[in-house]
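2 protein chains.
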Amino acid sequence: MNFSSKLLENAVNEFGSLPGIGQKTALRLVLHLLNQDHASVERFGNTLIHLKNNIKFCKNCNHISDLDICDICASAKRDHQLICVVEDSRDVMAIENTNQYNGLYHVLNGLISPMDGVGPGDLTIEHLVSRTQNPAISEIIFALSATMEGDTTIFYLNKKLHKENLKVSTLARGIAFGGEIEYADELTLGRSITTRVPYENSLSK
Amino acid sequence: MNFSSKLLENAVNEFGSLPGIGQKTALRLVLHLLNQDHASVERFGNTLIHLKNNIKFCKNCNHISDLDICDICASAKRDHQLICVVEDSRDVMAIENTNQYNGLYHVLNGLISPMDGVGPGDLTIEHLVSRTQNPAISEIIFALSATMEGDTTIFYLNKKLHKENLKVSTLARGIAFGGEIEYADELTLGRSITTRVPYENSLSK
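So the sequence lines, in the order shown, correspond to chains Z and G.
According to my numbering, the first sequence is numbered sequentially starting from 1412.
According to my numbering, the second sequence is numbered sequentially starting from 1412.
Don't read these hints as lab results, they were simulated from the structure.
Errors might be hidden in some of the hints.
It does not matter which identical chain is used: a pair holds within one copy or between any two.
[Unchecked claim] Once the Cα atoms are required to be at most 27 Å apart in a straight line, the calculated BS3-like pairs of lysine-lysine come out as:
(1) K1417 / K1488
(2) K1417 / K1470
(3) K1571 / K1435
(4) K1574 / K1470
(5) K1470 / K1571
(6) K1435 / K1417
(7) K1470 / K1435
(8) K1578 / K1488
(9) K1467 / K1435
(10) K1417 / K1467
(11) K1435 / K1578
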């Protein structure tokens, strides 16, 4: 595209480098910012730089945090016997939004994926292993994506974390609430039949 | 959403204020930036601030430019007898990308829209009128959206610019190339029948 302005082109290229943002969308966003006043644009730019320079990752669980220890790990109200293992901080936020979980987390910063060159050493697995050495920990919950990478990672971690009296669980899988049977994929539908549950258990408490 | 970090929340809110970017997308973009190195994020932020502080608008046509006079207006190769009137700089880029137009432009910075409180005084209409006083200008081309606002603006400008020997034209309207008849809207299809053209004229030269 002919931008007629190097400044504009640079800004469009920066936005265009973000995931899911094409050149046309990038141009729309930049022109929107251009229509804002100077103070707003400065705030936009500086907020990003400030975030990158000052953000921390919790020393306990690796979740994004403003402090060395995140609110969740620091809270006395949480159940410090449970660790929920997730891929990234977005998953922590998604689970927190459900208000159904009261334990701690462990952010792996990715999944084992030989295809993408991500091995166990690239993740925070050693850190997780040392956390589970703590006898206070009673259960590890794997909340990883139901993909090949997620399953591989669970398989690896399950062997690695093997310890007496440590309960290991994964998220329940099956038809989503509100999901229509005819649109469910074959694998999910098939598995949900073989792993069917007594009606009483399926009612939410 | 519970962000667990004020810094993160601020950045997500900034991205979420952009058109078409919801909170989930904003979070995805911010986390992507967080994964980049410091230099990249600083460049991202500073590029936007630099753009806003240094961008100019061509003194002749109001198009976005790095200089006082944009490349198009400064070019001796362009036909300085033609002025194509467009809503904003994005339209200039879209028309430039076709490589079918060799004249100058005039960016209105909007369309007359009483519903949104935009009157003729909010646009660069006086500037356009003074440009058309130049006897060298032979034709004005209205390349405005085929909407109520676009038609209103053309109607207003046509009266305002009325002058002897000044040709006034608008974009051709009809079925898009590659468009299927059955999916064309009734108005476009109906008009394209009443304004049908001799077969020879419809062939591109």
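Structure-based check of each hint:
In the homo-oligomer, the alpha carbons of K1417 and K1488 lie at most 27 Å apart only across protomers (21 Å), although the nearest pairing inside one protomer, at 54 Å, exceeds that limit. In this homomeric assembly, K1417 and K1470 come within 27 Å of each other (Cα to Cα) only across copies, at 18 Å, whereas the closest approach inside a single copy is 42 Å. Taking the shortest alpha-carbon separations for K1571 and K1435, neither the intra-copy value of 47 Å nor the inter-copy value of 34 Å comes in at or below 27 Å. In this assembly of identical chains, K1574 and K1470 lie within 27 Å of each other by CA distance solely inside one copy; the values are 23 Å within and 74 Å between copies.
In this assembly of identical chains, the alpha carbons of K1470 and K1571 lie at most 27 Å apart only when taken from the same copy (21 Å versus 68 Å across copies). In this assembly of identical chains, K1435 and K1417 lie within 27 Å of each other by CA distance solely inside one copy; the values are 16 Å within and 31 Å between copies. In this assembly of identical chains, the alpha carbons of K1470 and K1435 lie at most 27 Å apart only when taken from different copies (26 Å versus 40 Å within one copy). Taking CA atoms no more than 27 Å apart as the test, K1578 paired with K1488 passes inside one copy only; the shortest distance there is 21 Å, against 77 Å between copies.
For the identical chains of this complex, K1467 and K1435 are inter-copy neighbours only, at 21 Å across copies versus 34 Å inside a copy, given an alpha-carbon limit of 27 Å. Taking the shortest alpha-carbon separations for K1417 and K1467, only the inter-copy value of 11 Å comes in at or below 27 Å, while the best intra-copy value is 35 Å. Proximity of K1435 to K1578 under the C-alpha cut-off of 27 Å is found in neither arrangement, the shortest distances being 50 Å within a copy and 33 Å between copies.
In this structure, the earlier hints numbered 3 and 11 are contradicted, and the remaining ones agree with it.
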